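Undergrad: Next come the chains, spelled out residue by residue.
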Amino acid sequence: MEYIILLLAGVLFATAIYNLLQKQLLRIIIGTVLLSHGAHLVLLTMGKLKRGQPPILDENVTSYTDPLPQALILTSIVISFGITSLLLVLSYRTAKENNTDNMEEMRGESNE
Amino acid sequence: MSFMHFIILLPFIAALFVPFIYKKWNTSLHTGWFVIIVPLFIFINLLLQIPAISNGETISISLEWIPSLGINFDIYLDGLALMFALIISGIGALVVLYSIFYMAKEREALHNFYIYLLMFMGAMLGLVSSDNVLVLYTLWELTSVSSFLLIAYWYERKRSRSGALKAMIITVFGGLAMLAGLIMLAMITDTYSIREMVANVDLIIESSLFLPAMLLILLGAFTKSAQFPFSIWLPDAMEAPTPVSAYLHSATMVKAGIYLIARMTPIFGGNESWFWLVGGIGVITLIYGSVRAVRQTDLKALLAYSTISQLGLIMSLLGVGSAALYFNIGNAQEIYAFAVFAALFHLFNHSTFKGALFMVVGIIDHETGTRDIRRLGGLMSIMPVTFTIALIGSLSMAGLPPFNGFLSKEMFFTGMLRASEVTVFGLDGFTILFPIIAWVASVFTFIYCMILLVKPFLGKLHREKLPKDNVHEAPFGMLVPPAILGSLVILIFFFPNVLANYILKPALVSVVPNVSMDSKLFEIKAWHGLGTELWMTIGVIIIGLLLFVSIKKWNIVLRVYPEKLSLNQLYNTGIESMEKRSESFTNRYMTGNIRHYLLYIFVFITVIMIGSLIGLEALSFNLSSQEEISVYDIGILVAMVAAAMTTLLTKNRITAIVSLGAVGYLMVMLFVIFRAPDLALTQMVVETVTTVLFLLCFYHLPKLGKRLEKMKFKVTNLIMSIGVGLTVTLMTLIATGHKISVPITDFFENAYELAGAKNIVNAILVDFRGFDTMLEIAVLLIAGLGVYTLIKLRPKGSENDEA
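Taken in sequence, the protein lines are chains V and X. By my numbering, the letter at position 89 of the first sequence is numbered 89, and the numbering carries on one by one without gaps. By my numbering, the letter at position 491 of the second sequence is numbered 603, and the numbering carries on one by one without gaps.
I should point out that these hints are in silico values taken from the structure, not numbers from a laboratory. These figures come from a predicted structure and were not determined experimentally. From the three backbone atoms N, C-alpha and C, an ideal C-beta is built for every residue, glycine too. Take the hints with a grain of salt, since some may be wrong.
[As the list claims (entries may be wrong)] Rough simulated footprint, nothing fancy, chain X against chain V, three-plus residues with beta-carbon under 8 angstroms:
#1 34 to 41
#2 70 to 77
#3 85 to 91
Bound conformation, chain V alone (with noise of 0.2 angstroms):
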C-alpha cells in the first residue's frame, strides 16, 4: 500500500513541477497547490498507514492510526491555504496592474 501511495505522490509532484515551469501566472499556483498535496501525502504515509481506528479515545479500541503525522498536515493544509489565497491575490493585483499573466512578459526591461 505505501509504495503506491509514495508513487501518487511522486506523480503528483511530477506534475506540480510541470505546471510550475509554465509560463502563465495561473499554472505556477496551481503547480504550488498539488506540490502541497504531494508533500501531505507523503507526510501522511511517512506513518503507518490504516493500521487500527482513527485517533479519537474508545473504550473498546486498542490500536490507533499515528495522530502526530495528522497534527501536522492539518497545520500545514491551514498554512498552505494561507499561502496560496494570497498568491491568488497577488498574481490577480499583477496581472491587472501589468495586463498579462505570462511570467516571460513580466521580466524587467533591463534583461530583455
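Given chain V, put chain X in place with the hints provided.
TA: Quick look at chain X alone, frame taken from chain V:
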C-alpha cells in the same frame, strides 16, 4: 601602555585632534605647524634609544590586545626597527614642514591631508616595531588604505582616482597573500611572535609549508615594494600631492616590503629559492626600472621608475646577502653579510636623496606650473638653491663622489661581484649575470640622473612654454627640508662610519644574527684602492656620458618597444576582460526568467539527492509489512492521477481549476480511508474555498480568463518533472523501509489523562503542541492582512481603481 607604545601610537592620537585644530585656527595658522610636533617628538625620542640599541640591547614591551588569541601589540625595537622608525619619523617631520609651504591653506582640505598622513605615519611606525605578525599585517593594510586615501587626495581628478584604485588593488592583493603566508608560519611554530618564529627556524625549514609560506610572503613584499611585475602601481601613484610622493612612494611605504624581506631573512635566508627569487627579482626590477625611467618625460614619473629601480637594487642585495645564513659562520658569512650591510646602507641613502629629489621636483612644479621636461629648461640661474640640491641628489643617485650614493653604489658592485662567486645554490653559471645586469642598470641610472639634472636646469629658458609667468626661487621654508636632506647626503659621505656604527650595524645583526661586528669588513671607506668596483664606476661614468650626449640617436630604440606589451596595458586589459567576462557569465545564467531559476534548483536537488543515494549505496527497499490494497484505494489513486494530469493537458483554465479541485476532494477521500477525520474535514473546507478563490480571481480578469492557451510542450520540463517526482518517490520509499527508532505516538494516547481530550489530534494541536497552532494562526492573520492590503492599497495615480 608604556611610553614606547605611546610614542608609536602618537600619530593616531594626534590625528583625532587635527580636525578641531583645523576648524579653529585654519584662517590664521597652517595646520601643519601643529602636526609637525608629532614626528619631531617621535624622532627625538627614538634618537635617545640609539645608545642602548647600538650596544646590542633590544627593547621589547608587550601590550595586551586580544590575549586569548595570542594577538598582542608587542613592540620589539632592535636595530632594524629603529633604523626604519628613524627614517619614518625623520623624513616625516621634513615632509610635514615641506607640505606647510606646498599645500596652500586657503585652497586645500588640510585636515583630510594631515589625518591621512598621520594615520600612515602611525601605521608605518607600528609596522616596523611590531613583533606580532597579525598586528604587522593589520598595520600593513592600514598603510595601503592611507596610501589609497592620499593618492586620491584630489579626488575630483579622474587620474587620481584610478591611480589610487590600482595601488589599492595591487597592494591589498599582496597583503592578503602575505597574511596567508604569515598564518602558515604561525601554524608551523604555534606562535605569532616573529622572535619566537626565528627561534624555531628549524621547525619551519623542515615543514612542508616552508615553500608556500615563503612564496606568499614574498608576494606581499614584492607588491608593496613595487617589484617586477607588480611595479605598475607606483608611477600611477604619482598623482598624489608631491609631499606624499616624497614620503610614501620613495622613503617609507615602498620600503615596507624591503623591511619584511629583511625581517624574514633569518627565517628563510640560506635557502636557494629565497636567494634566487629575492636576488633575481631584485635585479630584474633594477634593470626594468632604470631603462623605463630614461624614456619618461614627466619628472615625477621618472623619479617613480628610478624608485622602482633603486628598490630592486636594495632587494637584490638582500637576496645575495641571504647566502650569509647558509654559511652561518666564518669568513664566507661575513662576505655575504656585507651585501646585507650594503643594502641597509643604500636604503638609508636612498631615503635621503630620493626625498630631496621629490621635493625639488615639487618645487619646480610649484614655481613653474609644469613637470614636463620638454617645456622646462634653464632654471639654474633662476633657482640656484633648488639646482644645488638637485645636483647633490641626482649625482648621489648616479653614484658619484662626494655623495653617499657613491659609497653604497661601490658596495653594491662589491656585493654583486661576490654574488657571481656563489656556487652553492645550483645554476652556477647564472650568477655571473648579477654583476653584468647591475652594471648595465647603473649606466641607465646615470643617464636618467643626467636627464633629471640637465633638462630642467640647463639650456635655454622658454618662458612662453611655462604656465606661470613669474618664475622665481621657492620660498625659504620650502627649501629647508630638501636642503637638510641634501646636507645629509654629503655628511654621510664624509662620516659614513658614524651612521654605520650606531645604526647600520645593529640593523645588520637583526638580519644576520650571528655575524661578528668587529670585522674590518664593515667599515665604510671612500677610497678602497683601485679595485674592480672603481673601474666599474669609471666605466659607468664614461659610457653613461657618451650615451647621454648621443641620447637623441638611440632613444628611438626605446620607443620601438610597443606600448601594447607594457605591463600597464596588460593590467588594464586584464581587469577589463575580467569585468566583461564576469558580466557576460552572469548575464548568461541570470536570465530574469523564473523558469530557468526553477530549473537550476530542481536539477540541483535531483542531482544531489540521486547522487548521494548512489554514492552512499543507500538504494535499498524494504517493502515488507505493507498494508493490503483494496479496490477503493485503486479507484481513488487512478482518479487522482487522471485529475492531476488533466491540469496539465487541458487548454481551458477553468477545466484546470476544476480538476485541481478534484484532486483536493480525492485527497479528502484518501484522508477518510486513512482514518483521519479532522484532516478530511479541513481539507474539504479548504479545497472548496481555494477553488472558489481561483474562480473568483480569474473571473475578474475578463481579458485573460476566457482566453484559451495551450501549454507549450518542452522536453526539459518533462524530464525535470519526472526526475523530481522519481526522486521524491525513491527517497520516501527508502525512508519508509528503514524506521530507525520507535515512534513517540504512544505517549499521545494519554490525551485523556493529561489533557482531558478524547480527540488525540485536537489535543496535540491545542495542548501538546499548541505553540505551532498559535503561529499558524499568525500566518493566517498575516496572509489575511496581505490580501487586504493588496486589494485596497493603490499607488497614487494608479489607473486601475476598480477593485
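Undergrad: All hints, please: hold or fail.
TA: Each hint, compared with the structure:
1. 34 to 41: holds (count 5)
2. 70 to 77: Per the Cβ count (6), the hint holds.
3. 85 to 91: Holds: 6 residues of the segment 85 to 91 of chain V have a Cβ under 8 angstroms from chain X.
In the structure shown, no violation is registered for any of the earlier numbered hints.
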